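Q: Which chain is which? The protein sequence lines are S and R, in order.
When we follow the working numbering, the leftmost residue of the first sequence carries the number 1, and every step to the right adds one.
When we follow the working numbering, the leftmost residue of the second sequence carries the number 1, and every step to the right adds one.
It is possible that part of the hints are untrue.
DMTMM-like, lysine to aspartate or glutamate: derived pairs with alpha carbons at most 25 Å apart [unchecked claim]: (1) R/244 <-> S/275; (2) R/244 <-> S/54; (3) S/204 <-> R/247; (4) R/244 <-> S/80; (5) R/244 <-> S/57; (6) S/220 <-> S/161; (7) R/244 <-> S/61; (8) R/244 <-> S/3.
It should be emphasised that the hints constitute simulated quantities derived from the structure, not laboratory data.
Computed from a predicted model, the values in this text were never measured in an experiment.
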Amino acid sequence: MIEIRGLTKRFGRIVAVNQLSFDVAPGRVTGFLGPNGSGKSTTMRCMLGLDRPDAGDARFDGRRFASINNPLFEVGALLDAGYVHPGRSGRNHLRALAASNGIPASRVDEVMQLVGLGDAAKRRVGGYSLGMRQRLGLAGVLLGDPHTILLDEPANGLDPEGIRWIRDVLTHLAGQGKTVLVSSHLLSEMAQMADHLVVIGMGKLIDTGSVEEFIAKHAKHWVKVRSPHAEALAHHLRMAGATVTFQDPTTIEIIGATSVEVGELAAKNQSILHELSPQQGSLEDAFLEATAGAQEYRSIGSVKTSAGNVTGGPAGPPPPSSPLADVFAPPAADSTGGLT
Amino acid sequence: MINLMRSEWIKVRTVRVNYVLGMIAGAFPIIVVALIAALTSDEQDVARNLVGAVTGTMVLTSLLLGVIGALNLTSEFSHNTIRATFAAAPQRIRVLLAKAIVTLVSTLVIAAIIEFVTYLVGSLIISSRNADVVLDGSDKAALIGAVVLAGLLSMLGFGLGLLIRNSPATITLLILWPLLLESILQGVLRAAGVEDPTPWLPYTSAILMANPDLNSSDPSRLHGGLYLGSVVIGLIIVGLAVNKRRDA
């Protein structure tokens, strides 16, 4: 169990982490999300005492990290795969870490094999790819088989097989009852990996809860209908107060009415339906919505969502160029949109 | 603490630059003393001055060992490995002390080996030229003093590294300390009316530890060692305090 209470860290006049409080429970993967510069890495460094917080603290099973003897047995952390001397071999890097906690060299060989670096163990780290360094960092995390695991962007540089591997490893570790906190920018990965989310922006807590709750709370919801009587149905829906947008002459997207309400309205007006399906935005959509006001660095112009694929599974609302764009555009834009 | 020292010893042994610098530090006095012993025309004179040649060249070796001592610490900051180190062992003072002990002990052992080999090579060459090398008390004290000087300079590099945390800046300051800083300090002291500023200059007075032919007006070897040792301890204490508070 990790407990963060009132954590605050300033760099000069910049408040990187501001009164941040949250818990990370064991037995599940907790995703730590936030835009660039939101304070995720600073928070993790403060948790490990690498950065000195100005206020608040972090406790691992009730204890401050600095008070833990041989922490590799209790807290394994990978904050940056670059924290290695390029002139040292991967095996020697781990041997030095292991020795500091009294872990035998045989365990180093075990974890090197476990992460798939057995053949590269004696090569200098300077010749490792980023993915190999990530695996080396993970080997360091696993050295003492700790019950708490902190990972900052562990999928950086990993190939698809590596990403799947790390997802399986973390899910497996959480299944063993370990406490796993992992930050990532790969929201699709996080959607598959995390059970719980902690979302921060500009150093402050934005939301915390299960992935399902977070998406339900922050992502857009709409109903998709395909019907040969789409135009007539759209008229009745608008009369009922819903916002309707045409995708094509037979497909409409409805906001402001549930699928039950749409179905009943269609039946009442004898409209044939070829499809009636509730739609929900993705974790990415929910994340962008939740952090819209807390992004320190963002590109000029609209933030595009997932490629206009509003019908397919977890994909989100379409980009502004599609007919639905106006529906999702901010109030200042032309909200009359399409045939609404 | 033993585990931390084992960890630091692994770090020292597994970086190539330490071997390269150590070989340069070792080769320099051996080659120079061998050349002096072999090429000086008056073999009796070189036999009398062998210890002076050994300890004189050991001063440069000590400076190079000081660079290794500084790099053992500053490379942790320049490669950010200090974060991995502190994440594995969060008691910073203990980690840094373990690093200092390993650096000091390894420097003393290496310096003693280099000095012994240098002396052995020089005396073997001189013996082959039918001259005898005789060690008196002052020679023995200078030989010991040269090893102690190496240890102190490695700790000076370590202490500077603790404060500066940057390899090029630390090494530059370590080398400029005797060449520039103490020259400036000497000038200031003379201007202030100090007739002989040597006792007030930590490096200059400590270097006398390696001198087999001290004048009666020179500060004693003990004075030089204690003075530089005090400066080094002061630097390390301040460095430890600063590093305990600073972000890693």
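Q: Within a Cα-Cα threshold of 25 Å, do residue 244 of chain R and residue 61 of chain S meet the stated pairing?
A: Holds, at about 24 Å.
Q: Do the alpha carbons of residue 244 of chain R and residue 3 of chain S lie within 25 Å of each other, as the hint requires?
A: With a Cα-Cα distance of about 23 Å, the restraint between residue 244 of chain R and residue 3 of chain S holds, given a limit of 25 Å.
Q: Under the criterion that the straight-line Cα-Cα distance not exceed 25 Å, is the pair residue 244 of chain R, residue 275 of chain S satisfied?
A: Between residue 244 of chain R and residue 275 of chain S the Cα gap is close to 65 Å, so the pair fails against 25 Å, i.e. violated.
Q: Under the criterion that the straight-line Cα-Cα distance not exceed 25 Å, is the pair residue 220 of chain S, residue 161 of chain S satisfied?
A: 32 Å, violated
Q: For a C-alpha distance cap of 25 Å, please report whether residue 244 of chain R and residue 80 of chain S respect it.
A: 22 Å, holds
Q: Starting from residue 244 of chain R, check that the Cα of residue 54 of chain S is at most 25 Å away, please.
A: 14 Å, holds
Q: Would the hint linking residue 244 of chain R and residue 57 of chain S be met if the CA-CA limit is 25 Å?
A: 17 Å, holds
Q: Starting from residue 204 of chain S, check that the Cα of residue 247 of chain R is at most 25 Å away, please.
A: Status holds; Cα separation ~21 Å.
Hint check: violations occur at hints 1, 6; the rest are consistent with the structure.
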